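S.K.: Chain by chain, the residues run as shown.
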Amino acid sequence: MRTYDQTTHFSGRIWMLSAGVLMLMVPVAICVYYNAWPGLLPVLKGLLGVAPIFWTVGFIEILTYGPMLGSGGSYLGFVTGNLTNLKVPCALNAVQASGLKPGSEEAELVSTIAVAVSSIITTLIIILGVVMLSRLQPIIQSPLLAPAFANILPALFGALAVVFVSKNWKLAIGPIVFMVGLFMLVPALASSVGILVPVGSLLSIGLARIMYKRNWI
Amino acid sequence: MPDFNPNSTFLFLLATIVILFVFAQAGFFLARSWRRAKALGLDTGMLRKVVFSSAVFTIAPAVSILLGVITLSKFLGLPLPWLRLSVVGALTYELPAASTAAAALGASIAETVTDPKVYTNIAWVMTLGIIPGVFYLPFLLPRIQGGLGKLQAKDKKWGELFIQAMFLGMISAFLGVVFARIGEGAAGWVPVLVMLVSIFLMLICGLLVKKLHIKWLEDFALPICMLGAMAASIPLTQLLTSQGGL
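Chains as they are written, first to last, in our numbering: chain A, 2 to 218; chain B, 849 to 1094.
None of these hints come from the bench; they were simulated from the model.
Just so we're clear, the structure is a prediction, and the values are computed from it rather than from any experiment.
Note that the Cβ used here is the ideal one computed from N, Cα and C, for glycine as well.
Don't take each hint at face value.
[Claimed, not checked] Pulled from the structure, derived: some chain B residues nowhere near chain A, Cβ distances all over 10 Å:
#1 Lys1002
#2 Lys1059
#3 Leu1060
#4 Ile1062
#5 Ser1090
[Said to hold, decoys possible] Here are some, though not all, of the chain A residues that point toward chain B, as calculated from beta-carbon distances under 10 Å:
#6 Met24
#7 Glu107
#8 Ile126
#9 Leu137
#10 Ala151
Could you put the whole structure together from the sequences, leaning on the hints where they help?
M.R.: Dropping the structure here:
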C-alpha cells in the first residue's frame, strides 16, 4: 500500500503535468482560433531574452522553496506561482504560528493548507478586481497608495525576519551581514535577488555547519 | 477568421478554464491535507486559524498582483495577464517576457497589441519561458525531500539547524535587497525604514503575545505588521521624497 507521501507525489505529478499541458494548450488555442502563428524564429528570439535566466531561476526555486513548502504545498505553489512574495511567507507564517516543527508531516499539511487557501483567495481577489475594474482601478492605482504596494517586500520580510532571527540569532548574523553588504556594494544585483536566495541559503548552511561542528550553536 | 481583440470572449473563456483548473487543484490539496491533518489528530480550531490567518495574510499581496494584471492589461487586454498571473507567473517575469517577445516582431508594449501574431508570440514566450519549472518539479522534489529526510534521520539536531539556516538564507537575501537603493539619496531609504517599522511592529506584537498573553495576535501578527509597515510607507515616502535628499 502506498504511504500518504507517495500518494501526494503521485497525485502531485498528475496535477503538475496536467497544468503544464493546459498552459501549453492556451497559446495553441489562440493561434488556431485567430489563425495567427508567430513562427519559430520570433518565439526563439523572444525566449533568448528571458529563458536563460528564468529557466535557471525556476530550477533554483525548486531546490530552495521545495523543502520549505513540503510536497503538497510545492505541487500547488509551483502551479499557482507568486512564491516569493506570497506563497512561501504565507506557508512559513502558518507553520510558525501553529507551533509545529518545520519539516514534520504535520507542518507540511499546515503549509499545504496555507498555500491552498492563499491560492484560492488570490484567485478570488483577482476575479473580483477584474469584474470591478472600472471602480477599483482609481483606488488601487492612486498615487497615494503607490508607495504601499511598492514596499510590500520590506514590509513582509522585516516582520518575518524577527520571527526567524529570534529563533537562532547566531545563525542569522553571517548571511544578513553578507547580503546587506553585497547589495550596498552592488545595487544592480537587486534585479537578481531570485538567484541570490540560494546563495544566501548555501552561505547560511555553510556557516551553520561550522558553528555546529564547533559547538557554538 | 474572427477579428482579433485582446479582450475577446474567446480569450476570457480560455482564462476561465485555466482559473477553474487552479481552483480545482487548490480545492483538491486543501481537502486532502485537511483530511490527513484530522486523521493525525491536529486540532480543528488550529486548522481553522491557519485558514483564516492565511486568507488575511494573502489580501495585500493579492491586491499587488491585481495591480500587475492591470498594468499588463494596458498592452495585452485583461484575459492573458489574468491567466498568466494566476498560473505560475509573477509580474517580475511576465513584463520582461512580454517586452522581449513584442520586440522580436518589431512591436512595442507601449500601447495595446492589435496584431494577433505579436499577441500569440507574447503568449508563447510568456508560457515557454516559465513552464520548465512545472516539468522540473515532479522529478526533482522527491529526490530533494529524500535527501532532507536522510539528513534528519542521521543527525536530528543538524537536520533542524539545516532547515533554519535555509530559511534564514532566503530571508537574508530579501533583507539585503532592501538596502540596494540607499545610494539614491533620501528616497532610497524608504524601503529600509519600512522594514524597520515592520520589525518594530513585530517586536510589539511579540511583547503583547508573551507579556499580555494576547494569543489571537500570534496568528495575525504577520499581516498586521505587513499592513502597518505598508501604511507607514505612505507618509515616509512623502516626507523623504519632498526633502529631495538627506
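S.K.: All hints are to be evaluated individually against the structure, with a verdict given for each.
M.R.: Each hint, compared with the structure:
1. Lys1002: Since the minimum Cβ distance to chain A is about 13 Å, Lys1002/B lies beyond 10 Å and the statement holds.
2. Lys1059: holds, 15 Å
3. Leu1060: holds, 17 Å
4. Ile1062: The assertion about Ile1062/B holds, with a minimum of 13 Å to chain A.
5. Ser1090: holds, 12 Å
6. Met24: Holds: closest Cβ of chain B sits about 6 Å from Met24/A, inside 10 Å.
7. Glu107: Where the cut-off is 10 Å and the nearest Cβ of chain B is about 6 Å from Glu107/A, the hint holds.
8. Ile126: At about 4 Å, which falls below the 10 Å cut-off, the nearest Cβ of chain B leaves the hint on Ile126/A intact, so it holds.
9. Leu137: holds, 8 Å
10. Ala151: At about 7 Å, which falls below the 10 Å cut-off, the nearest Cβ of chain B leaves the hint on Ala151/A intact, so it holds.
The earlier numbered hints are all upheld by this structure, with none contradicted.
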